[in-house]
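Protein chains: 2
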Amino acid sequence: MEAVCNQNFNNSDMESSYGIVEKQFFHIKDENFTLQCGEKLEYITIAYETFGTLNKKKNNAILVFHALTGDSHAAGFYKDSDEKPGWWNIVIGPGKAIDTDKYFVICSNILGGCMGSTGPSSTLPDKTTHYNMKFPVITVTDMVRCQKRLMDHLNIKQLLSTIGGSLGGMQAMEWSVRYPDMVKSVIPLATTMKHSALSIAFNEVARHAIKSDPKWNNGNYNDESKPDTGLSVARMIGHITYLSDESMREKFGRKLQNKKDISFTFDSQFQVESYLKYQGEKFVERFDANSFLYITKATDYFDLEMQYGNGSSVKAFSKAKAKFLVVSYSSDWLYPTYESKAIVKALKKNRLDVSFCEIESTLGHDAFLLYDNRLNKMLKGFLSSVYNGIKNEI
Amino acid sequence: MEAVCNQNFNNSDMESSYGIVEKQFFHIKDENFTLQCGEKLEYITIAYETFGTLNKKKNNAILVFHALTGDSHAAGFYKDSDEKPGWWNIVIGPGKAIDTDKYFVICSNILGGCMGSTGPSSTLPDKTTHYNMKFPVITVTDMVRCQKRLMDHLNIKQLLSTIGGSLGGMQAMEWSVRYPDMVKSVIPLATTMKHSALSIAFNEVARHAIKSDPKWNNGNYNDESKPDTGLSVARMIGHITYLSDESMREKFGRKLQNKKDISFTFDSQFQVESYLKYQGEKFVERFDANSFLYITKATDYFDLEMQYGNGSSVKAFSKAKAKFLVVSYSSDWLYPTYESKAIVKALKKNRLDVSFCEIESTLGHDAFLLYDNRLNKMLKGFLSSVYNGIKNEI
Chain A
1 MEAVCNQNFN NSDMESSYGI VEKQFFHIKD ENFTLQCGEK LEYITIAYET FGTLNKKKNN
61 AILVFHALTG DSHAAGFYKD SDEKPGWWNI VIGPGKAIDT DKYFVICSNI LGGCMGSTGP
121 SSTLPDKTTH YNMKFPVITV TDMVRCQKRL MDHLNIKQLL STIGGSLGGM QAMEWSVRYP
181 DMVKSVIPLA TTMKHSALSI AFNEVARHAI KSDPKWNNGN YNDESKPDTG LSVARMIGHI
241 TYLSDESMRE KFGRKLQNKK DISFTFDSQF QVESYLKYQG EKFVERFDAN SFLYITKATD
301 YFDLEMQYGN GSSVKAFSKA KAKFLVVSYS SDWLYPTYES KAIVKALKKN RLDVSFCEIE
361 STLGHDAFLL YDNRLNKMLK GFLSSVYNGI KNEI
Chain B
1 MEAVCNQNFN NSDMESSYGI VEKQFFHIKD ENFTLQCGEK LEYITIAYET FGTLNKKKNN
61 AILVFHALTG DSHAAGFYKD SDEKPGWWNI VIGPGKAIDT DKYFVICSNI LGGCMGSTGP
121 SSTLPDKTTH YNMKFPVITV TDMVRCQKRL MDHLNIKQLL STIGGSLGGM QAMEWSVRYP
181 DMVKSVIPLA TTMKHSALSI AFNEVARHAI KSDPKWNNGN YNDESKPDTG LSVARMIGHI
241 TYLSDESMRE KFGRKLQNKK DISFTFDSQF QVESYLKYQG EKFVERFDAN SFLYITKATD
301 YFDLEMQYGN GSSVKAFSKA KAKFLVVSYS SDWLYPTYES KAIVKALKKN RLDVSFCEIE
361 STLGHDAFLL YDNRLNKMLK GFLSSVYNGI KNEI
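Those protein sequence lines, which keep their order, are chains A and B. Residue 65 in the numbering used here sits at position 65 of the first sequence, with consecutive numbering throughout. Residue 166 in the numbering used here sits at position 166 of the second sequence, with consecutive numbering throughout.
Simulated from the structure, these hints should not be mistaken for laboratory data. A hint or two may mislead.
Note that identical chains are pooled: a pair holds if it fits in a single copy or bridges any two copies.
As the list claims (entries may be wrong) - With a Cα cut of at most 16 Å, we get these calculated EDC-like pairs of lysine to aspartate or glutamate:
no.: 1; residue 1: 211; residue 2: 228
no.: 2; residue 1: 255; residue 2: 303
no.: 3; residue 1: 29; residue 2: 39
no.: 4; residue 1: 282; residue 2: 228
no.: 5; residue 1: 58; residue 2: 267
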């Protein structure tokens, strides 16, 4: 099933990609850094990567956000690594939709993550032990506030754009209402203003699967004994929601793994079964179960409407000043098009400059991560237009 | 959340219901009873219930099939029990859509089940131990063949109708092609001719959750130590697929369980979380984990097209003679309307008498189990018409 997983990667990616990148670390030490839950985190590390060059006017910076299980490695390759490139290498690079010859792109691993930023698997400041479930509950607001500190550190006072899909789109929108003066444009892809009951339900079952694994041990596991089975079930559940009925029909249908007749056993005979099993097994190698709990909870808590508008989506965006490009995918049933339309409606009522496109696709929610020339063209055009509008500003 | 679970039941149900029913048992002893997988089951018990009276001509019998986790208790109440009535009490009873004043209704627990019929939790004929995972893999065909033996036992040579939703609909259709001369009409509700990749995927993850529970112990568990957590996750996954985005939005949205502010903990704060947890916990009290494995596998194997038509749905129904009433629900995303339309198309190409209706509903797949006057009227009209057409036959 390798082909399916690496479908974004082809040989030309190496040549056309941004090239070699390095993960960097930014440390926040602030005894007054209070999270939305009320708890304090004095020491925070944020892992990040940059692509392209910040110009003299410092007006070409684009902040890109990863989704649930992504990381700061949005494009290019790590030195001495022939692994596949960053997760959005198809979009970010020289001459690409997010053109690193023109723009300075930053992507950081979210707070709560397990790819270099502080999260439940980090050690406590006194190095005695890991946070595990003693890590405070974090929210999208907390993630965005850490990113703001990183921007301060990089001396970036204006963002040409904030861009992300899914949980990344939530962060992109949060930026526009929390720091309206800093954000020139926002591109939320395949996302929502607030998590629906359906999305909460899938997340809760996935969390339940992890917590039901005896090896989870209330979050106190170690490398020798991790809740791999629970996390694998959680991933399998998630993975189904990232695809669509159509894409699964096209890709798998009722095809058998070994092209033989049905074996009348409980083995994974259907290709779709093997594929999901493979996805589950691969995932546990790279992701931390506690991080999965914290990040999914942050998405469930996400409710821009309530937090910034006391229940009104129009009021929630009342402070936003950015231009928006909202994109949904027709077969995304996790964050269906009607949820993007609700965003557009709220923005329009605030007389903001908003473009909207529903991309016809059979690929489900994950479509935003796959190569699509329609998206690339839209991104390129929209970013150029915003950049042309501001680049002569002092 | 009790109100949600018992939404089909109101005080008038007792008065208008069929009344007291008793579970009966039919025993098959046949050393040559070979299942589709090739294995033999010499001793089979089928639990069943009947409602109404078989007339002298024996032409008023209707066979009703339950879905995945149902049982033979389709209507009425058990003696001395003030529990809720049978699962389709809203449809089956005196004067109801399936009118027990006119028709003789039979419903049996499927082979592989755990509500009285032989399944993995049954003891081996020598009473030494339970089958557990040594139970042979069963199929919808095997279930239907057991029901045929039950009909022979009851001396019923003709069925006015075979009716069921979901897995019940699969059995209803299988009857029409396996015993075409016996079946006068078929009513498949919210079902499919073959399980899609999406449906297989959800089933596989649910099975994976059960098998990942250490208490499953390769199927060798006992009452003191059952894979309740795994089965509960499996049920939660299933339950989401029985609802719909719309119904969950209407019923739960982002409502909190205790009407307080968000608590920033991992408790089940959203109502949808508590509801799913409750569904999972209730389910493990009444259902056997191994039965869940076997029955979901039978639905995954179901492929009428391949089994009876060598890949052609038209050929699959070529022997059918019955009249059909096919019903789908607009918000059913487990067996979407296009799958029912494929059935209708295949039937029409065989010039069979077929009526089709997509019921507009926000209730998702489970809609067929909930009170709906539109369905009731259709069932009543269709059954009357079929009955009027044959009741004067000799």
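Evaluation of the provided hints:
1. Taking identical chains as interchangeable, the C-alpha atoms of residue 211 and residue 228 lie at most 16 Å apart whether they share a chain (11 Å) or sit on different chains (13 Å).
2. For a Cα distance limit of 16 Å, the shortest separation of residue 255 from residue 303 across copies, 12 Å, qualifies, whereas the shortest one inside one copy, 40 Å, does not.
3. Taking CA atoms no more than 16 Å apart as the test, residue 29 paired with residue 39 passes inside one copy only; the shortest distance there is 15 Å, against 68 Å between copies.
4. Taking the shortest Cα distances, residue 282 and residue 228 sit within 16 Å of each other inside one copy (10 Å), while across copies they are farther apart (27 Å).
5. Within a single copy, residue 58 and residue 267 get their C-alpha atoms no closer than 57 Å, and across copies no closer than 44 Å, so neither meets the 16 Å cut-off.
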